[in-house]
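**Student:** Take a look at the letters that make up each chain.
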Amino acid sequence: MSPSPETRNALTALMAEYGMTIDEDRLEDWVELFDERCDYRVVTRENVEQGLPNVLMWCDNKDMLRDRIDSYRNVNEYNPHYDRHVLGPLRFTSEDAGVWSFDLSYSLFQTTLEGESRLFSVGRYAVEAVFRKDKPLLRSVRVIADTGQIPSLLATPI
Amino acid sequence: MSSADIAWARNDYSRVPYRVHHDEEIYALEMERIFRGPAWSYLCLEAEIPKPGDYRTTWVGDTPVIVSRDKQGAIHAFVNRCSHRGAMIIRELRGNAERLVCLYHRWCYSNSGELTGLPFRQGLKGEGGMPKDFDMKAVSPRKLKVENLSGMLFGTFQPEKAEPLEKYLGEFGVGIVKRFLNRPIRILGYSRQKIHGNWKLYAENLRDTYHASLLHEFFVTYGVDRATQKGGVRMDGRHRHNMNHAYAASDTQDDAKQAYADTAARLDRMQLKDKKLLSFKNEFSDGMNLAAPTFFPNALLIQINNSIGTRQIRPKGPDAHEVFQTLFCYADDDEAMVRHRLLSANLVGPAGFVSMEDGEAIEVVQRATRAERDGACAVIEMGGRGAVKDETHRVTESPIRGFWSYWAELMGVEAPGGIR
Chain B
9 MSPSPETRNA LTALMAEYGM TIDEDRLEDW VELFDERCDY RVVTRENVEQ GLPNVLMWCD
69 NKDMLRDRID SYRNVNEYNP HYDRHVLGPL RFTSEDAGVW SFDLSYSLFQ TTLEGESRLF
129 SVGRYAVEAV FRKDKPLLRS VRVIADTGQI PSLLATPI
Chain H
668 MSSADIAWAR NDYSRVPYRV HHDEEIYALE MERIFRGPAW SYLCLEAEIP KPGDYRTTWV
728 GDTPVIVSRD KQGAIHAFVN RCSHRGAMII RELRGNAERL VCLYHRWCYS NSGELTGLPF
788 RQGLKGEGGM PKDFDMKAVS PRKLKVENLS GMLFGTFQPE KAEPLEKYLG EFGVGIVKRF
848 LNRPIRILGY SRQKIHGNWK LYAENLRDTY HASLLHEFFV TYGVDRATQK GGVRMDGRHR
908 HNMNHAYAAS DTQDDAKQAY ADTAARLDRM QLKDKKLLSF KNEFSDGMNL AAPTFFPNAL
968 LIQINNSIGT RQIRPKGPDA HEVFQTLFCY ADDDEAMVRH RLLSANLVGP AGFVSMEDGE
1028 AIEVVQRATR AERDGACAVI EMGGRGAVKD ETHRVTESPI RGFWSYWAEL MGVEAPGGIR
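Protein sequence lines, in the order shown, are assigned to chains B and H.
Going by this note's numbering, the final residue of the first sequence carries number 166, and the count climbs one at a time with no gaps.
Going by this note's numbering, the final residue of the second sequence carries number 1087, and the count climbs one at a time with no gaps.
Next up, chain H with everything else stripped away, as it sits in the complex (with noise of 0.2 Å):
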């Protein structure tokens, strides 16, 4: 038996066995069956390559890619590794060039990924060089196909086998990226930040909504989200996407005094000397305060009040990954309102408010997990066992279900009779 091989102990998903943070076979499978494979990951925004001849490089999974734009303005995504002996093409973050060329042998490539040409290829005074049938198509870079949605950027490397994209974020992750996205947008800068975790555990911590309160007690104490707020979870059919949600200003400070006993005195207590970090500008017709949708395998759009980004998960091996965030705010801000934006930005991120508590989280769980190699299970209950499906409140972690249900159909190794 491979030790890929998963005896779910329950149908529903809601035993997941720790060893799947830590299993070297495990983690190539993903590599190929996930990221190499049907799903379709986030690339980059279209804002970051604006003008032909732009490129940037990114991760899908642990293949490092560039996103690029040709002469015509089309949008390529290739592998960044040269066909020749394997040499990473472009080593800077981005840049704009005619052609790129590997350092190594300086072969080069066009903007869409084709191999063009090579030094000596003839030969000098008819000695050496490649041979005549030699085809540098057959050996240009793997290409994925590229799906522009409103400017997000998306591709897979198997698109015979893929759903096309907007099945695949299903009705709700189409219309939840064109909110984020409704307009043209600035690139306002990037965090980063390396994980000691797998990058399932941030998966799931994204699907996550019963810890949003509890651990990030900046949330409560400060009243920018609590589970008293109206709010839920909401899901595309196949339940591999989830969105956690809420909405400004629908409860009292009663209702959370209540149902945050603990915390209840640091209420009252607890006030910031400046506030402008709380304030919230309703900026999108829906009300919600808070909105983070994530896509299966790598993506997430977050607002948390007025700050607004993109994070990509890139894992790092078995016991590590970096989420990698892009801030941004519409063109047509204005000065005051990119101040804000920034200044929100003190919630999010490596350093978040309300953030921060995220990466110890992870941390301590591989931590703790990594001796398992046998049984030892999370319980994931809260919210239900069985059918996953939308909620209207946030008392559950159902969302996770939906993420092992199909993580395990890619993988290929769904519990007999699993729910999906």
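So here's chain B without its partners, still in its complex pose (with noise of 0.2 Å):
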């Protein structure tokens, strides 16, 4: 199953580029790092391990991402911030039918507009990707936050 060091390289600048673009502020284009047909949820790591379903944002397509967004850019009030991705390498777990399969673990800080910074949230991303003629995209997205005890609140994407 070991990628080979194109796709390994291909899916680690995807990642990259899925931090880069919501630290950026470029959340638009962050959803256009997903397939078609997609899934993104955030859940925790508490209510993973005793088994609960339940989710903190769950998109089961990419209207709903694109709703989060459009929602976020024009009708929520948040606190306004920067985010900041650090993102661990990728452990590959399987190919199924061109469906790669791995996680990787991240850290998220915020900062405010006066500059104080503060970890927002550490965890692991599960994530199923494919290719479209060579482009990789995401197909599954699963944030399993450690930090089950949200910092204020959760506007913009893990």
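Careful, some of the hints might be misleading.
Claimed, not checked - Stretch by stretch, here's where chain H covers chain B in the computed footprint (C-beta under 8 Å, at least three residues):
#1 52-63
#2 113-123
#3 128-135
#4 148-161
To be verified - With a straight-line cut-off of 27 Å between C-alpha atoms, the simulated DSSO-like cross-links for lysine-lysine are:
#5 H/Lys940 <-> B/Lys143
#6 H/Lys845 <-> B/Lys70
#7 B/Lys141 <-> B/Lys70
#8 B/Lys70 <-> H/Lys828
#9 H/Lys983 <-> H/Lys845
#10 H/Lys738 <-> B/Lys70
#11 B/Lys70 <-> B/Lys143
#12 H/Lys804 <-> H/Lys834
#13 H/Lys948 <-> B/Lys70
#14 H/Lys845 <-> H/Lys828
#15 H/Lys812 <-> H/Lys983
#16 H/Lys834 <-> H/Lys812
#17 H/Lys812 <-> H/Lys792
Honestly, the hints are just simulated from the structure, not real lab data.
Yeah, the Cβ is synthetic: ideal placement off N, Cα and C, and Gly gets one too.
Taking the hints as your guide, dock the two standalone chains into a single complex.
**Tutor:** Laid out in structure tokens, this is it:
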């Protein structure tokens, strides 16, 4: 199952782009990293370990992702902040009919407009990705947050 | 004069000094006179401890508490602190055990919270050990009296002073708990949010139906809930509990456009691409799509469309609190309904389309009022001054004044001639 160096590089670059699009407030570009058929959800380790399905955010298709970002841009109020993702290396777990499964650790820091930073969330991404005409796309991202106690509120995707 | 004394500017609590959200002495007294006093606090749901030996940990104010079920099936609640030297007995969130053992010196407790044994009590080879007349019962952890209302567990530290639970909640309170818990439920999971603001700002927020459709613009933009819908506020006789509520599809788009001139343009422009988030299966005979009954001091039942759950306020010092949300479904829900409820959970919780704002609103109040140690006050007059009463509209924040009236009573700081 070991991925070729090209595959590994392409999927590593995809995840780097995932973090950077959020950190650079290019959330519309972040949505475009997903396949048309996709699933994004934020769950907590506390629930996962108890076998409970609760979600903090769940978009089960790309339109719901678009709605999330649209609402964030135009409707919701939240704490103005900068995000900064620090990502770990990819650990590949399987490849099945062109769907690559891997996971990686993340740390997400938030910084206020006055420059005060805090650790916002730490956890793991469980990812499924596919290639369309050599372009890697996200089929499923499950954010499993160790940080089950959300500081303040969760507006931007993790 | 103690800093906990309050010179209320008005006897109807339409002015509330900001320092009540910052003062350490007031906070300590709240823990003593409210949370460890005669109020009934929400503990957890019975469905979380279904089997004999099940336990889960919770908080009453900032006191750690174990809720457990004994072998006979009876439910107990007691302070999660070893009688010996004060260690937390149970550190896990939940579990099942025949006896509960403190890690420090292995003192043992029954599921009903009695100290039942301790190592080396008789000493070794005739040396050491506890005094012969050591009374285990006398030092057992402090207990709460527990009442189970349709599967929602409440506890009080001062049953001798507390009203019976059903009287405390009032007719409306008992009725609305039974509405939410009308048949067996299943826990879908938890969410937690640490809000850096005083717990009472959250209690106020829950009684403030005025903010709902203004701060939470998602409500208005996508027509989930608007002040133009039929609805209102309903309280118990003492005005300490309140329910903001609204009836589904009871207004028109034109009503809304007139009322929300600022956002009217958006009503036409903004549409969800995937509308299933807004779909509401009318499952209660009263037709409400939004119901948020809140019970003094720490509980909320919440229904937004088909997302249903409880919230518990856990104070963490004067400057912070955790909002602990338990989402549930009914045991007889089919798979599609459970999925629908989980997708509806996008509306509520720390990332909720119609709830994330509260965290920010409360934090900016806490930040902007921190320096206040004298007379600066919140102005609470929307809906009128004077007596507090139920309303069939939602352009009001008078239930907040009801909260302060009862808070002042328990704290022993009522305004002279204060309304109740």
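**Student:** If a hint holds in the structure, say so; if it doesn't, say that too.
**Tutor:** Now for the hints, and whether the structure bears them out:
Interface restraint, the segment 52-63 of chain B with chain H: holds (8 residues with C-beta to C-beta distance below 8 Å; minimum three). Only when three residues or more bring their CB closer than 8 Å to a CB of chain H does the claim for the segment 113-123 of chain B stand; here the count is 0, and the claim is violated. Using a Cβ-Cβ cut-off of 8 Å, 0 residues of the segment 128-135 of chain B lie near chain H, which falls short of the minimum of three, so the contact claim is violated. Given a C-beta distance limit of less than 8 Å, the hint that chain H covers the segment 148-161 of chain B holds, as 6 residues qualify and 3 suffice.
Taken as a hint, the H/Lys940 and B/Lys143 pair is honoured in the structure, with Cα atoms around 25 Å apart against an allowance of 27 Å. For the hint linking H/Lys845 to B/Lys70, the alpha-carbon distance of about 39 Å lies beyond 27 Å, and the restraint is violated. Of the pairs offered as hints, the one joining B/Lys141 and B/Lys70 holds, with about 19 Å between alpha carbons and a cut-off of 27 Å not exceeded. In summary, the hint linking B/Lys70 to H/Lys828 is not supported, as the alpha carbons are separated by about 56 Å, beyond the 27 Å threshold.
A C-alpha spacing of about 30 Å is found between H/Lys983 and H/Lys845, which places the hinted pair above 27 Å, so the restraint is violated. Note on H/Lys738 and B/Lys70: the hinted pairing is violated, with a Cα-Cα distance of about 50 Å set against a maximum of 27 Å. Distance check on the hinted pair: B/Lys70 and B/Lys143 sit about 17 Å apart at the alpha-carbon level, within 27 Å; holds. Annotation: proposed proximity of H/Lys804 to H/Lys834 is violated, straight-line Cα distance about 32 Å (limit 27 Å).
A hinted pair counts as satisfied when its Cα atoms are at most 27 Å apart, and H/Lys948 with B/Lys70 qualifies at roughly 24 Å. Distance restraint check for H/Lys845 and H/Lys828: the Cα-Cα separation of roughly 25 Å lies within the 27 Å cut-off, and the hinted pair is therefore satisfied. At most 27 Å may separate the alpha-carbon atoms for a hinted pair to count; H/Lys812 and H/Lys983 meet this at roughly 23 Å. Note on H/Lys834 and H/Lys812: the hinted pairing holds, with a Cα-Cα distance of about 15 Å set against a maximum of 27 Å.
Annotation: proposed proximity of H/Lys812 to H/Lys792 is violated, straight-line Cα distance about 41 Å (limit 27 Å).
Hints 2, 3, 6, 8, 9, 10, 12, 17, counting from the list given before, are not met by this structure.
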